[in-house]
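Residue numbers (my numbering), protein chains in the order written: chain A, 1 to 480; chain B, 1 to 480; chain C, 1 to 480; chain D, 1 to 480.
Everything labelled a hint here was simulated from the structure, so no lab data went into it.
A few of these clues could be false.
Just so you know, same-sequence chains aren't split out, so a pair can sit in one copy or run between any two.
Pairs of lysine-lysine, BS3-like flavour, derived with a Cα cap of 27 angstroms [claimed, not checked]:
{"#": "1", "residue 1": "K142", "residue 2": "K457"}
{"#": "2", "residue 1": "K320", "residue 2": "K330"}
{"#": "3", "residue 1": "K124", "residue 2": "K330"}
{"#": "4", "residue 1": "K84", "residue 2": "K124"}
{"#": "5", "residue 1": "K330", "residue 2": "K457"}
{"#": "6", "residue 1": "K409", "residue 2": "K480"}
{"#": "7", "residue 1": "K134", "residue 2": "K124"}
{"#": "8", "residue 1": "K320", "residue 2": "K124"}
{"#": "9", "residue 1": "K250", "residue 2": "K470"}
{"#": "10", "residue 1": "K84", "residue 2": "K470"}
{"#": "11", "residue 1": "K330", "residue 2": "K470"}
{"#": "12", "residue 1": "K74", "residue 2": "K134"}
{"#": "13", "residue 1": "K409", "residue 2": "K142"}
{"#": "14", "residue 1": "K320", "residue 2": "K470"}
{"#": "15", "residue 1": "K74", "residue 2": "K457"}
{"#": "16", "residue 1": "K142", "residue 2": "K74"}
Remember, predicted model here, so these are calculated numbers, not experimental data.
4 protein chains.
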Amino acid sequence: MGLRSAAEYKAGLDDGRVIYYRGEQIGHVAEHDDLGIAVSHVALDFDLAEDPAHQELFAWEDEASGELCSRYFKSPTGTEDLLKRREMIEVSTRLGSAVVLLIKEIGTDALFALDLVSRVVDEKAGTQYHSRVKAFHDYCKKEDRSLAVAQTDVKGDRSLLPSEQEHPDYYVHIVEERDDGIVVRGAKAHTTCAPYVDELIVLPTRAIKEEDASYAVSFAVPVNTPGVKLIASPFGSPPANEFHHPVSSKHRMIDTLTIFDDVFVPNERVFLKGEWLAAGYLANTFVEFHRFTAASYKPPLCDMFIGAAALLAEYNGIEKASHVREKITKLITYTETVRGLTRAAAFDCRVTDFGLAVPNIVLTNLAKYHFANNYHQAVAWVQDIAGGLVVTGPDELDVLSEETGPYIKHFLGGKQGIPTEDRLRAFNLVRDLTASTFGGYNELLAIHAEGSLETQKITILRDYDVERCKDLAREAIGVK
Amino acid sequence: MGLRSAAEYKAGLDDGRVIYYRGEQIGHVAEHDDLGIAVSHVALDFDLAEDPAHQELFAWEDEASGELCSRYFKSPTGTEDLLKRREMIEVSTRLGSAVVLLIKEIGTDALFALDLVSRVVDEKAGTQYHSRVKAFHDYCKKEDRSLAVAQTDVKGDRSLLPSEQEHPDYYVHIVEERDDGIVVRGAKAHTTCAPYVDELIVLPTRAIKEEDASYAVSFAVPVNTPGVKLIASPFGSPPANEFHHPVSSKHRMIDTLTIFDDVFVPNERVFLKGEWLAAGYLANTFVEFHRFTAASYKPPLCDMFIGAAALLAEYNGIEKASHVREKITKLITYTETVRGLTRAAAFDCRVTDFGLAVPNIVLTNLAKYHFANNYHQAVAWVQDIAGGLVVTGPDELDVLSEETGPYIKHFLGGKQGIPTEDRLRAFNLVRDLTASTFGGYNELLAIHAEGSLETQKITILRDYDVERCKDLAREAIGVK
Amino acid sequence: MGLRSAAEYKAGLDDGRVIYYRGEQIGHVAEHDDLGIAVSHVALDFDLAEDPAHQELFAWEDEASGELCSRYFKSPTGTEDLLKRREMIEVSTRLGSAVVLLIKEIGTDALFALDLVSRVVDEKAGTQYHSRVKAFHDYCKKEDRSLAVAQTDVKGDRSLLPSEQEHPDYYVHIVEERDDGIVVRGAKAHTTCAPYVDELIVLPTRAIKEEDASYAVSFAVPVNTPGVKLIASPFGSPPANEFHHPVSSKHRMIDTLTIFDDVFVPNERVFLKGEWLAAGYLANTFVEFHRFTAASYKPPLCDMFIGAAALLAEYNGIEKASHVREKITKLITYTETVRGLTRAAAFDCRVTDFGLAVPNIVLTNLAKYHFANNYHQAVAWVQDIAGGLVVTGPDELDVLSEETGPYIKHFLGGKQGIPTEDRLRAFNLVRDLTASTFGGYNELLAIHAEGSLETQKITILRDYDVERCKDLAREAIGVK
Amino acid sequence: MGLRSAAEYKAGLDDGRVIYYRGEQIGHVAEHDDLGIAVSHVALDFDLAEDPAHQELFAWEDEASGELCSRYFKSPTGTEDLLKRREMIEVSTRLGSAVVLLIKEIGTDALFALDLVSRVVDEKAGTQYHSRVKAFHDYCKKEDRSLAVAQTDVKGDRSLLPSEQEHPDYYVHIVEERDDGIVVRGAKAHTTCAPYVDELIVLPTRAIKEEDASYAVSFAVPVNTPGVKLIASPFGSPPANEFHHPVSSKHRMIDTLTIFDDVFVPNERVFLKGEWLAAGYLANTFVEFHRFTAASYKPPLCDMFIGAAALLAEYNGIEKASHVREKITKLITYTETVRGLTRAAAFDCRVTDFGLAVPNIVLTNLAKYHFANNYHQAVAWVQDIAGGLVVTGPDELDVLSEETGPYIKHFLGGKQGIPTEDRLRAFNLVRDLTASTFGGYNELLAIHAEGSLETQKITILRDYDVERCKDLAREAIGVK
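Based on the provided sequences and hints, a complete structural model is requested.
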């Protein structure tokens, strides 16, 4: 098959999966009032691969099968592949009004990481994981499967190891080994897109010690597998009012608490089973691919910030003020540093012995770190330029009302020639992006998605060659 | 009378005032579903003045009348008065769960400014404003009136003067002078608390040139004056769910677009009428008192940030992590710098010839600037410590559900001994304060309320004695 | 006596003390080419106390003796004393061209700390230290003695305790106890002003464990005591050229490595001898007074930065550029935050049971922290405004040369009417303060003097009432 | 010829050029005590091109002549050339102990800019500049000439245009046009390396208006041309003591005030003569190449900062402290952001119609801006980790002295096993790099070399496609 249509994708979601939302189990997710918005949003992924204007970027002819497939499934072999991958992510996010799709991006990050790690585990431990990973990868590619990754365990007390916790289920673990597979129990937090993808890939969240070997587990299951239960979070989902929420009324991302209530996973879908030494390696390898994805989808939102600020500066008549120019320059500096470092990470990728290209780790983490560490400041610059009316302006119903509408039109105009309503819509854009439940979601996402700031700092310090720098200092002072 | 009860205050609001909210004119504001929450919130002001535990701070015996009055009406004569005023504001805000009341704070800031400026105008222009101001001040004090201040004009194109605008109504102006008063037209943006105060004080928003003399106008009117129409903003008002919104479900602030549709103001309530040279002076003088108020009500929210972060650090088991300690230290640095500089502004106040104490201008602006310039960073620190579950956690209905509740309880626990629900409530607190429509409102408020960052920078540069510093440099290099 | 003259002070330094400088032992320090500059600089202290224009601030009539004494020796009993102390320090530093004097400031900080701590130790351990401290304080006051404090031990490997080090002498310790006194050995780093004060007060640098009790030692000795040897650091001391170094050619501070080569200290000068539990308390108590001193002497340098930047902006013709105004505003914000918080620390002091006023610890540390944490940024703003000629301009000899002088005068002019030489002198001022060996000294001083940034952060976290904040959060979410 | 030896280069400098230093005209610059250090430093350029270990990078076979030439003269035609150029600059700077050489880097930046601009001017104005530029480029390449660029005029009052100044000579201008050439007058500030290069290239410093056409001038002259007079700045040149100044005693950069006292330039060396419309274009085009050079030579100093900080952390026993790890991580973030963005600028270069590759302007400016905007903070981190002994430690003569040496060795040790002298040398490295006259030079250089921070901000705002971003915002709110 290779490429599915958006309609096929949506139809496939009606498979009996168990999703809870606001206290109730829901039916076909694509038809749900709130969650359906997210489904429509991500369906763009399938449309783009078929759209003549975008197919060259989003689709790819698999040499093995000769089929046209989603390019996400192409394992990167060098800079060009990584740049195209970055471009796909940036373009689709931009077309999604700055909200990333993520139904294949993260999943393939996991597939690439599993590809690398399974080879090593097989070699060290005599296992046969790599062929399973390859088969699963081929299956997803051929069937154009959408994927979510469940990595972050719920963790309980974060200062304790898995087996030191109050109960054993704060990290997903193997509770039974059978001939034909394993049974797993536990829960993963904030699994993005889980309600509307086909497959869930599960990865360990941290390094594991020997006594916790049963927590060293990785596998993939269809979302409708018995025992998989999703509790979808309502946060970040404002009422679907287009005027008040020009972006989030049509574009959304949903995360779940993903429960594995004694889920059976057949052997061919198990990619790590107790090889505890490899758990941290797998967690980290995934993250390196994943942070490249992360840094790739951030610039459209930043560009939207620049645009919204510049537009309101114009509407308010302050576009020539020196402080406004200064703040817009800073927004550009912010945006283009993220984008430039991400591209640099593709340019300076490392190609492994097996031919897989890994984006430069330090540069990838820097890109993500710059984004995350300055996001709230960027929000402040946009809000500063936009002005207080962002949160003290009228409701859409006041605008429509015959009594109050004329007052609003008369009094809330800005620069001559700009309709008052356009100006109000621009305020609404800033509020939707930065000062609403969706804006709050974006703030948390900036800091915590793809690992918190601290994890990026740890990686940067670990991967930079500090000894080389110490040698420079020693040489300068004549010390060996 | 001197002191009114909260019940008397609420009853007084049912006076035929014209308020629109979400497209409809509403009736008695105190009984309105959404706006009534704000009324209940601010009613605390009256309760405190009668509460034996707080009366010493919040009430004050007026020497002239011998009556016990709200201390807000006491004109400050020195450091002690300013410190008590600061303390009143901080205490009432803290008791209001970090949401300031503002139904007398800003109004009395305006009364103090009018006191100062009217004396000067009377002297220069031979007018009789000061006695009117005094009479109005006495009336408010005696009747325990609540007050809002409408200052910021809607402004249209901000690069143009009032008379250069597309139409003449972007700034409130006098359209008719009668023997017994004036008629005014125009609109003011974001008038805080307007729907639920007794009186509106109107001040000019900027310096005025001679050709714009009709825009140099200041006055006070009861909110139910014919022609006054309020369009209340719905933003910052989330659904009143206590679990999801522990603070904002009970504590709110409402702003309005305040329309003056040919409103008649009798002479005794007019405080400036065309004396254009005084408009900027009045605007600035008000702002200096008002920024002291502003800097006084910020610390409780900052303390709440510290507390929420520290509590979640404990619940998550990370309170000893060095980066957590670092971030909490930075939150303290942020908070106490604001508080310390505000207190310093009271200590270093200037007492005018007429005996009124004005807080130190540079220190006041520094306090406000530190708060505003670092607010978003503070939000980031809190969100960083709290974790991603702030926006990916479950709905209250999921917690209550028999199907999902047990999963949530089991999997979303943190440190041993802390009930899961407490941890969820703490996440909700962080989301309510920082990552919701209310959180967004707080962000905009931080930057724009009481003047934007740029206005504080201008004031700081203008009021610091740079020439003295240049003399130090000249002296050091032997140049005269 | 009470007050000595500058001449008496200088004469008293010729007492056989052992000072090494650039590899040689020097004679009378007041007559030394380099160190003599520092002596002349600090002699200002004695001049001010006798100068009618300054005596009211710098001198004080001791009620006990009726003598006029240096106000530094007055133990603060409340806000007014602390404010006067702060003012003395700021004024004398300003008159010293932004270089602090420090020959009594730090010493009296130590006396105040010893006063507090010795009372507690006497009470707990039955010792008699307080009377010794008082006698020494009285002696210093009466004889107008100048004082240095040697606190920071050389420390060796900072991750090890005193007794874990490679040799026992990395911290000053007692090597012999005699009936009439003790013998101490060790060395203290960066003892400011040691070569030109009368007395050295020694304090422990950290908390001490029981096994290290011999390191818990405090005492005072005259600088010429046998075994005391000072190795004066040459850094921060540029050639004494007034044109190139308008400030540092006349104003300097000298630090020493202070060696205690088996120094005998008579009992009456011993203030702690093995009471290990009190070592950390003494170290910290001193630091709290000392950081108040620190924060008090910083503003004059900051004001000089503002002045130098504003002067060069004028000379270069850029004083109206928006970025220049922005940077000067930031310099003011920096300066006045430090000054305001220091004053606030005096206002909010704590008066102990014994009547001694201790500046507010959190505010004092905030003031110091703000200074230290932003100093390099302040330097950058000044250098940015000043321009590259600060380090690419001509030598004084080029200016004086008949061949090159006219070229320089012609080409290096700035704003019309400003002599070229004045402009060059202004560049030299910026270079001297920020981009010279003296400027480098100032940078290190900003970070490390009076404890590094990290120590201030630890103190702020320790002394702020975080539990109170957690209660606010708990209350908001209804958790006990 | 193609490649000269270092000896040939040095011999060539003895050509009668006029250099003043500290008030005196000097003779052969290569043999001068102070300036000779800079000559030895830059001679490395010639050594590297002949060194088998480096020749592949530093030399290049010119296809036209078949000669091996310095690679600096190769006009970049794509990413690979730019990356090699960046690599040459980084490697030679690293081998020069973090001090850049700059005797061909800037000069060829100017040649590339002249190549581009002369083509356009010839086309628009019918001039013949391009052939002259090409001939000069070929000559320099063939003769392996070293080059300096004199761009920044002395400017006088910066708020005035050239012809508005107090005298006409604040910008270099044409005072006479002859058949065979032009006569120029004026002076350029901070011309780096001028005393020890063969040729001076002169470029305009800003856009020029029609009335100032005589200021639109560009040309090249040998340094020994009559009328060219250099006043070398002594700043940044500490005494040549290797112990105290491990880097700057051997590696230096010298800037001059470069005077053109009616200098005749023959026609074939004139590249712009009154075509005022092109002046700004030439100034900007040069700067774009030049900032790429700038951003290329910064990382070795940053790496040296990382190394010095990490080394002292180890010597002091604090390498595992969390704040130390945090600061080293920030230093890495700083360094690698600059390097990554510079490489990205090469990757994303623009190839002109004529085949010349121009590094991406926004990314180049971002790289330079990040370096400059955070340099002082980086200095602070290094000094923070190093400790106060950087400026309070002993002189070399104290270390060598028999009296004091043993004390120093005993007391100033750090981590066991590290010789005290090594630790002192490490302190000296930090002081030399950051807290000395050389350190001050580095600070000013960071901000002002290659254009100040403000110029980078202007370029970033001008070159980013803000309209594209506004379109995104308009699209999101449905506004055309």
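Against the structure, the hints come out as follows:
Taking CA atoms no more than 27 angstroms apart as the test, K142 paired with K457 passes in neither setting, with 38 angstroms inside one copy and 49 angstroms between copies. Taking identical chains as interchangeable, the C-alpha atoms of K320 and K330 lie at most 27 angstroms apart whether they share a chain (15 angstroms) or sit on different chains (22 angstroms). In the homo-oligomer, the alpha carbons of K124 and K330 never lie at most 27 angstroms apart, since the shortest distance is 49 angstroms inside one protomer and 36 angstroms across protomers. In this homomeric assembly, K84 and K124 never come within 27 angstroms of each other (Cα to Cα): the closest approach is 34 angstroms inside a single copy and 40 angstroms across copies.
For the homomeric pair K330 and K457, the shortest alpha-carbon distances inside one copy (23 angstroms) and between copies (8 angstroms) are both at most 27 angstroms. Taking identical chains as interchangeable, the C-alpha atoms of K409 and K480 lie at most 27 angstroms apart only when they sit on different chains, with a minimum of 19 angstroms there against 76 angstroms within one chain. Taking identical chains as interchangeable, the C-alpha atoms of K134 and K124 lie at most 27 angstroms apart only when both belong to the same chain, with a minimum of 18 angstroms there against 62 angstroms between chains. Taking the shortest alpha-carbon separations for K320 and K124, neither the intra-copy value of 64 angstroms nor the inter-copy value of 32 angstroms comes in at or below 27 angstroms.
In this assembly of identical chains, the alpha carbons of K250 and K470 lie at most 27 angstroms apart only when taken from different copies (20 angstroms versus 53 angstroms within one copy). In the homo-oligomer, the alpha carbons of K84 and K470 lie at most 27 angstroms apart only across protomers (25 angstroms), although the nearest pairing inside one protomer, at 37 angstroms, exceeds that limit. In this assembly of identical chains, K330 and K470 lie within 27 angstroms of each other by CA distance solely across copies; the values are 16 angstroms between and 34 angstroms within a copy. In this homomeric assembly, K74 and K134 come within 27 angstroms of each other (Cα to Cα) only inside a single copy, at 12 angstroms, whereas the closest approach across copies is 47 angstroms.
In the homo-oligomer, the alpha carbons of K409 and K142 never lie at most 27 angstroms apart, since the shortest distance is 55 angstroms inside one protomer and 40 angstroms across protomers. Taking identical chains as interchangeable, the C-alpha atoms of K320 and K470 lie at most 27 angstroms apart only when they sit on different chains, with a minimum of 16 angstroms there against 48 angstroms within one chain. In this assembly of identical chains, the alpha carbons of K74 and K457 never lie at most 27 angstroms apart, being 30 angstroms within a copy and 39 angstroms across copies at closest. Proximity of K142 and K74 under a CA criterion of 27 angstroms is satisfied intra-copy only: 11 angstroms inside one chain copy versus 49 angstroms between copies.
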